[in-house]
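**Student:** The chain contents come next:
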Amino acid sequence: MTNHFLGDTAVLTGRSLRHIARSLDTIITTAIMPIGFMLLFVYVFGGAIKSGSGNYVNYLLPGILIITISSGISYTAYRLFLDKQSGIFERFQSMPIARSSVLWAHVLTSLVANLISLVVVVLVALLMGFRSGAGVLAWLAIAGILILFTLALTWLAVIPGLTAKTIDGASAFAYPLIFLPFVSSAFVPTATMPGPVRVFAENQPVTSIVNAIRALYTQQPVGSDIWIALGWCVGLLIVAYVFAIGTYHRRISG
Amino acid sequence: MTPDQMREPVIRVQGLEKSYKELHVLRGVDFDVARGSIFALLGSNGAGKTTVVNILSTLLGADAGTATVNGFDVATGAADVRQSISLTGQFAAVDEILTGRENLVLVARLRHLKDPGTVADGLLERFALTDASARKVATYSGGMRRRLDIAMSLIGSPPVIFLDEPTTGLDPQARLEVWQTVKQLAENGTTVLLTTQDLDEAEQLADRIAILHGGRIIVNGTLAELKALLPPARVEYVEKQPTLEDVFLAIVGNGE
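So the sequences go chain by chain: W and Z. With this note's numbering, the residue at position 189 of the first sequence is 189, and numbering never jumps. With this note's numbering, the residue at position 221 of the second sequence is 221, and numbering never jumps.
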């Protein structure tokens, strides 16, 4: 049945995208929290934060983008949970389709939904004074990192989507992810943080991703940050994928 | 298909066992279902009816025993089994956010049919859903959902259909509609295995009835055979009171 994989995935992705088009609130709520943080940090805290560069919107945007993705992927867990609860998941599983296409459809939908939310957030940032002179290549690199990060977190979200017992449980796992950027270089330089916090902040994935994205659009040398960032994204993606597929196979062969 | 295959039972279940941790739900279930017949699996809540259906529809692995559907083993030929069946689960498995027509088109495309739109329109017509076809399923009544659910199961004309408690939660009128549909299916040669806890339903529909109790099939036969297990009927004169169902149907009108 794997010869139908692409076609089945396309059909099922079309279905989930239609869900999103009919409930645009999921895109809006995904974008609202990061935009709120952006307003709060730029107009309330921003004056007191010494980030080193003149334009604070330029400084904090990468962290805001990470928060956008972290809150966006909880909808993947949510939609997967609903499919499972409504029985349509079982219907698909009992049909002659490529079984893994059911998961891939949700993952691709997550990618599209998150990219839309990211564009919305970047547009708001532009209104707030975000400016970049970076070229197409730098932006492609930024898009690549964000896509990898979205895929990694989405596969992670598949696990609670498949295993959660309640709808709240399915989406609650995203909260710690949303707060990860706060203990990183996303909003303030890590140099001011006390010892252990600083060690954590400087060695967690968000810092290298944020630094790499920031360096790319401010046309600074990216140094080793981009390789560390890519390493984290790809590593996380592989681990999350393996665990998600494992969970899936346990569920469907129970 | 050779005449031999026609005579072979289309579903054959032998020694099926399944446990959930300490709970032995199925302790050796055996039954055959003849091609083109309606077979009712009767049992109380928790008797394991859904477990049997889930094993037959390849959603669940058995601990022991074998089951074949349309000549394919559910364990080793799962993909071929899925090609041969349709499952209508206990809860109408429809997509609430899509319209009725979109639901049908979705399933038709997943079954890789040539002209999904035409297939969908035909089924909408047949199940009296044409007027509601462009509405979101979230606005449908329970009976309409169930009709759509069954319509989705018929796409691609699989030779075997599993209906897991198809009328649970339906009002009497919707229940009659579902019964009508099931009878039509069997007349067209589809094999139907349905589970129910409603004795009346089994009596109305089934060619054969099996009672699942304590993890085993304790009785399996035609209605007449099952009745013969009881002491012969005595003739008594009792005033026939209309049942509440008779009253309900008389008042709201049976024809619609």
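A hint or two may mislead.
Unchecked claim - One side of the interface only, derived from the structure: several residues of chain W facing chain Z at Cβ under 8 Å:
{"id": "1", "residue": "6"}
{"id": "2", "residue": "19"}
{"id": "3", "residue": "22"}
{"id": "4", "residue": "24"}
{"id": "5", "residue": "25"}
{"id": "6", "residue": "26"}
{"id": "7", "residue": "27"}
{"id": "8", "residue": "84"}
{"id": "9", "residue": "94"}
{"id": "10", "residue": "96"}
{"id": "11", "residue": "165"}
{"id": "12", "residue": "246"}
{"id": "13", "residue": "247"}
{"id": "14", "residue": "250"}
Said to hold, decoys possible - Subject to a maximum C-alpha distance of 27 Å in a straight line, what follows is the list of computed DSS-like cross-link-like pairs (lysine-lysine):
{"id": "15", "chain 1": "Z", "residue 1": "227", "chain 2": "W", "residue 2": "165"}
{"id": "16", "chain 1": "Z", "residue 1": "183", "chain 2": "Z", "residue 2": "227"}
{"id": "17", "chain 1": "Z", "residue 1": "114", "chain 2": "Z", "residue 2": "136"}
{"id": "18", "chain 1": "W", "residue 1": "84", "chain 2": "W", "residue 2": "165"}
{"id": "19", "chain 1": "Z", "residue 1": "136", "chain 2": "W", "residue 2": "84"}
{"id": "20", "chain 1": "W", "residue 1": "84", "chain 2": "Z", "residue 2": "183"}
{"id": "21", "chain 1": "Z", "residue 1": "227", "chain 2": "Z", "residue 2": "240"}
To be clear, the hints were calculated from the coordinates, so they are not data collected in a lab. Idealized CB from N, CA, C, for every residue including glycine.
**Student:** Compare the structure with each hint and give your call.
**Tutor:** Okay, the hints, checked on the actual structure:
{"no.": "1", "hint": "6", "result": "violated (12 Å)"}
{"no.": "2", "hint": "19", "result": "holds (5 Å)"}
{"no.": "3", "hint": "22", "result": "holds (6 Å)"}
{"no.": "4", "hint": "24", "result": "violated (12 Å)"}
{"no.": "5", "hint": "25", "result": "violated (12 Å)"}
{"no.": "6", "hint": "26", "result": "violated (11 Å)"}
{"no.": "7", "hint": "27", "result": "violated (15 Å)"}
{"no.": "8", "hint": "84", "result": "violated (11 Å)"}
{"no.": "9", "hint": "94", "result": "holds (4 Å)"}
{"no.": "10", "hint": "96", "result": "holds (4 Å)"}
{"no.": "11", "hint": "165", "result": "violated (16 Å)"}
{"no.": "12", "hint": "246", "result": "violated (16 Å)"}
{"no.": "13", "hint": "247", "result": "violated (16 Å)"}
{"no.": "14", "hint": "250", "result": "violated (11 Å)"}
{"no.": "15", "hint": "Z:227 / W:165", "result": "violated (44 Å)"}
{"no.": "16", "hint": "Z:183 / Z:227", "result": "holds (22 Å)"}
{"no.": "17", "hint": "Z:114 / Z:136", "result": "holds (25 Å)"}
{"no.": "18", "hint": "W:84 / W:165", "result": "holds (10 Å)"}
{"no.": "19", "hint": "Z:136 / W:84", "result": "holds (19 Å)"}
{"no.": "20", "hint": "W:84 / Z:183", "result": "violated (30 Å)"}
{"no.": "21", "hint": "Z:227 / Z:240", "result": "holds (21 Å)"}
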